[in-house]
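Trainee: Following the hints, put chain B in place on chain A, whose structure we already have.
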Amino acid sequence: MTKEFALTVDRIKCDGRGLCAELLPEMIRLDEWGYPIIAAGPIPQHLIPLAQRAVEDCPVLALAFRRTERSKGG
Amino acid sequence: MNSLLAGPPLTGPESLASHAGRLGPMPAVGARFIDTLVQSRIAGRGGAGFPAGTKWQAVATHSRGDAVVLVNGAEGEPQSKKDRLLMSTRPHLVLDGAFIAARVLRARRVILYIGERHRAARAAMLQALAERNETERRLVSEHAAPARYVAGAESAAIHFITEGVATPTTMPPYPFERGVDGKPTLVQNVETLAQVALIARYGEPSGTSLVTIAGGVPRPGVLEVESTTTIADAVSLAGGASDQARAVLVGGYFGRWMEARDAWPLRLDQGSLRSHGLALGCGVIGVLPAGRCPVCETAGIMRYLAGESSAQCGPCFFGLRALADACTRIAEHGTNRDDLQRLDRWTEDVRGRGACRHPDGAVIFLQSALQTFGREFAGHRPHSAAEAA
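Chains as they are written, first to last, in my numbering: chain A, -16 to 57; chain B, 258 to 646.
Just so you know, these hints were derived from the structure itself, not from any lab. Since we're looking at a predicted model, the values are computed, not measured. You may find that some hints are simply not true.
Not the full set, but computed from the structure, chain A residues with beta-carbon under 10 Å of chain B [unchecked claim]:
| hint | residue |
| --- | --- |
| 1 | K(-4) |
| 2 | C(-3) |
| 3 | G(-1) |
| 4 | L2 |
| 5 | E5 |
| 6 | D14 |
| 7 | G17 |
| 8 | Y18 |
| 9 | P19 |
Using C-beta positions, here's what the derived DEER-type ranges look like [as the list claims (entries may be wrong)]:
| hint | chain 1 | residue 1 | chain 2 | residue 2 | range |
| --- | --- | --- | --- | --- | --- |
| 10 | A | A22 | B | T392 | 51 to 57 Å |
| 11 | B | R632 | A | I31 | 57 to 63 Å |
| 12 | B | S529 | A | E9 | 40 to 46 Å |
Note that the Cβ used here is the ideal one computed from N, Cα and C, for glycine as well.
Next comes chain A alone, as it looks inside the complex (with noise of 0.2 Å):
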């Protein structure tokens, strides 16, 4: 088993500001209202520190890391 992050954003707290679309256009996208559609799955290795930048900046702290476990040739 290895542990993986996978983004989540609190829907009720998510009011749309965007600025995580804008620091991992990578993963995040924003719907036509403005608010965040994440791809789906871990985060690569590589966009972990961006990703890590999202999550604090979010300015109503609304984006998380969510651990989740992959079992190896699963």
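Mentor: Frame of chain A; chain B shown alone:
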């Protein structure tokens, strides 16, 4: 064969004397009852169809003798009448289920959460409660559920009782972890609790479900059906389709449209419907007569569902409104390619992006409409005054 609505005529609440005379006293079951419940494989009848046994296991694991049992009789689905009928006529069956849950889960409180407009149901439940012994009565408090679609959602019910606001909250924490006043909470639909009362007595559920037949039938209303009953059987019990039926909505506003001919042979049984990618949900079977326009019907329901968003999550509040507006433009001004493309794109975008399942239910409903009525959506023209005349 046991059934939920067996006993005296369904004209008012059955008395405790009649109930106990008919079914015997409430059995004194213990923690092992949860295994029986798991084996019974009964699914919740509030709409989500979650296995009851799994829910009870989770609450039992977290309870330190401080759990809460929330009896969900909000019944916010506009066309559903079955929970009201059950509470109005067989309140002791529901109360038995609630008190069995309280004993098994070591709960300190039982909360009756009944739709504020369901006056006969509330009166019957309170009258029945007054007939119970003092130990039981002391456990119970009653709250009127606001008449909103989402007020019956588990987290909304908990939010309302704890803080007076009937809007869903972000999960986790789940109700079994932190529910009413932060205590582990079982939120269970009234029909499911009535089944618990039967399982505790006979070791198995009745094998029947309560459904509401609505729309184009001569005698719309609630039926108790066997798991072998087909949709055609149920519709014929309601007097048959009053006009040639175009389509059937299976499972209420969070359900799916089907071509009528495909719907008739389906059995009204959770497992059987699942195997067809459907769900019994709250048990509403809506019959759309051939004379009604499915596009206008769908647009009306989408406007309702958009209006019932609790306006907390952007994708639900803005997305459902935009979808309802696009449906309405097609219905009122005729079809156009831009709106058809928007409907396809937005249903994908909105799905899974709310704190609760309200947006998901609405887009599943809409996608089934776009599939079943693809031809009508693609060729819709406004109904002119001349046409109506």
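Trainee: Give a verdict on every hint.
Mentor: The hints, checked one at a time:
no.	hint	verdict
1	K(-4)	holds, 8 Å
2	C(-3)	holds, 7 Å
3	G(-1)	holds, 5 Å
4	L2	violated, 14 Å
5	E5	violated, 17 Å
6	D14	holds, 5 Å
7	G17	holds, 7 Å
8	Y18	holds, 4 Å
9	P19	holds, 9 Å
10	A22/A <-> T392/B: 51 to 57 Å	holds, 55 Å
11	R632/B <-> I31/A: 57 to 63 Å	violated, 49 Å
12	S529/B <-> E9/A: 40 to 46 Å	holds, 44 Å
Going through the hint list in order, the structure does not satisfy hints 4, 5, 11.
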